[in-house]
Amino acid sequence: MDIKKVYMGRSVEEVVRLLGEYENKAKVIAGGTDIVIALRNKVIEPELLIDISKVEELKGIKEDEEYITIGSITTFTEIVESEIFQSNLYGLHKACKMVGSPQIRNKGTIGGNIANGSPAADSVPPLMALDSIVTLLSIEGTREISLEDYYYDSIKENELLVNVKFKKPKDNQVLTFAKLGLRKALAISRLTLSSFIEFDDNIITSIRVASGALAKFPMREKEVEDYLLGKSLNEETIEGAIEALRNSMDERLKGRPTLPYKRIAISTILREILEEALVFEKGVKAW
Amino acid sequence: MVDISLTVNDRLYEISIDENMRLIDVLRDELGLIGTKEGCGEGECGACTVIMDGEIVNSCLVMGFQANGSNIVTIEGLKKDGKLHPVQRAYIEAGAVQCGFCIPGMVLATKALLDKNPNPSDEEIREGISGNLCRCTGYNKMLVATKKAMVYMKGE
Numbered sequence: 005m006d007i008k009k010v011y012m013g014r015s016v017e018e019v020v021r022l023l024g025e026y027e028n029k030a031k032v033i034a035g036g037t038d039i040v041i042a043l044r045n046k047v048i049e050p051e052l053l054i055d056i057s058k059v060e061e062l063k064g065i066k067e068d069e070e071y072i073t074i075g076s077i078t079t080f081t082e083i084v085e086s087e088i089f090q091s092n093l094y095g096l097h098k099a100c101k102m103v104g105s106p107q108i109r110n111k112g113t114i115g116g117n118i119a120n121g122s123p124a125a126d127s128v129p130p131l132m133a134l135d136s137i138v139t140l141l142s143i144e145g146t147r148e149i150s151l152e153d154y155y156y157d158s159i160k161e162n163e164l165l166v167n168v169k170f171k172k173p174k175d176n177q178v179l180t181f182a183k184l185g186l187r188k189a190l191a192i193s194r195l196t197l198s199s200f201i202e203f204d205d206n207i208i209t210s211i212r213v214a215s216g217a218l219a220k221f222p223m224r225e226k227e228v229e230d231y232l233l234g235k236s237l238n239e240e241t242i243e244g245a246i247e248a249l250r251n252s253m254d255e256r257l258k259g260r261p262t263l264p265y266k267r268i269a270i271s272t273i274l275r276e277i278l279e280e281a282l283v284f285e286k287g288v289k290a291w
Numbered sequence: 239m240v241d242i243s244l245t246v247n248d249r250l251y252e253i254s255i256d257e258n259m260r261l262i263d264v265l266r267d268e269l270g271l272i273g274t275k276e277g278c279g280e281g282e283c284g285a286c287t288v289i290m291d292g293e294i295v296n297s298c299l300v301m302g303f304q305a306n307g308s309n310i311v312t313i314e315g316l317k318k319d320g321k322l323h324p325v326q327r328a329y330i331e332a333g334a335v336q337c338g339f340c341i342p343g344m345v346l347a348t349k350a351l352l353d354k355n356p357n358p359s360d361e362e363i364r365e366g367i368s369g370n371l372c373r374c375t376g377y378n379k380m381l382v383a384t385k386k387a388m389v390y391m392k393g394e
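The listed protein sequences correspond, in order, to chains C and H. With our numbering applied, the first sequence covers 5 to 291. With our numbering applied, the second sequence covers 239 to 394.
The shape of chain C in the complex, shown without the other chains (with noise of 0.2 Å):
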């Protein structure tokens, strides 16, 4: 590490200002989860650390009529504790509860997850479902960007990650999650998979499903949520989403040595996330 310069951030807009400054030489630091680590292995070099873990408009989960819109410095241990993400938000708490370990639950942050880019980013894949806007600020305006479009069109240098929200789910939508790590704790995911849907009379009206480190990043399954949209959830049409998704990992994931591997594993992950949708919408486990 080779900083010559730190500063405790108070305000988005003096945040922002520096960034402006600054451009490619400075860094916003949060929960340091990440990027202290990048920093010591020289990843990054910034000349200005700017700390943000302090910027109260940054902090917290609100909610209006329309929207839930959760500040970027919002820690993992402060979702999983918010009763906002409870019922048919359940998915949201379930992924941030097995991020890392509780040390980084409490430190690591929403925004960082996002904005880190990595493909196993474990809130990206449900906020993704969810349809969630990102929003960015810098000296030149306010952008909001879906984050779905998100990877292709990231964070800037001089772009601050101020929120991230979504529309608040209707009684008939149900956002679910599952994850597949090599042990509980402090596991990198190697899988992971969550799905909105939105049930009418048990038919499938409306479905988004999204994977994490199953490509370059967290994307969305559109041959899984076209094969699901319009039917019922059972054995048959569960079969036949784990064959849709197969497919398109066959494509995507062509010579990868860990292809063989993930195209069983994902029927669990799958099976588990529209289960636990089912569920939801009958109230009884069906199986």
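Take the hints with a grain of salt, since some may be wrong.
Computed beta-carbon distance windows for the label pairs [unchecked claim]:
no., chain 1, residue 1, chain 2, residue 2, range
1, H, 376, C, 144, 51 to 57 Å
2, H, 256, C, 149, 45 to 51 Å
3, H, 317, C, 158, 33 to 39 Å
4, C, 88, H, 359, 22 to 28 Å
Reference excerpt, derived from the structure (chain H facing chain C, CB under 10 Å, subset only) [claimed, not checked]:
no., residue
5, 299
6, 338
7, 351
8, 368
9, 389
10, 391
11, 393
Bear in mind the hints are in silico, worked out from the structure with no lab data behind them. Please read these numbers as outputs of a predicted model, since none were measured by experiment. Just so you know, even glycine gets a beta-carbon here, dropped at the ideal spot from N, CA and C.
Start from chain C and add chain H according to the hints.
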């Protein structure tokens, strides 16, 4: 150099530190509190765990200047008036300590758990110390120790 003030084990420190120091470097090299251990240096092992504003954190992943204004508890801060903390006593009695390298972090994780939740289930205890790796024992002795500590802490 950057000036910070922080409270460690109930004592206020006003110090000037190198910008590149992490919290663990500040604790060990500036304050001489070498009870906090560095294992992996990347947040995998939990040996460097300290309690920061009531929550356990990996002190190898917090930059020193970020601790400005914080309240830190390290293993040196647990003993009060010459008496071991109930968690420390319970760990010794249960034989949960072998080589000892993970123990400062493990004990602090256990203390933070019991401060928040005085009656954790076995599952909650295992979850509470899941960020702390021990390569000597299994984790069963820590579970036994935590249950002992629960009783001691209620008696106080």
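Which of the listed hints are not met by the structure?
-> 2, 3, 6, 9, 10 and 11
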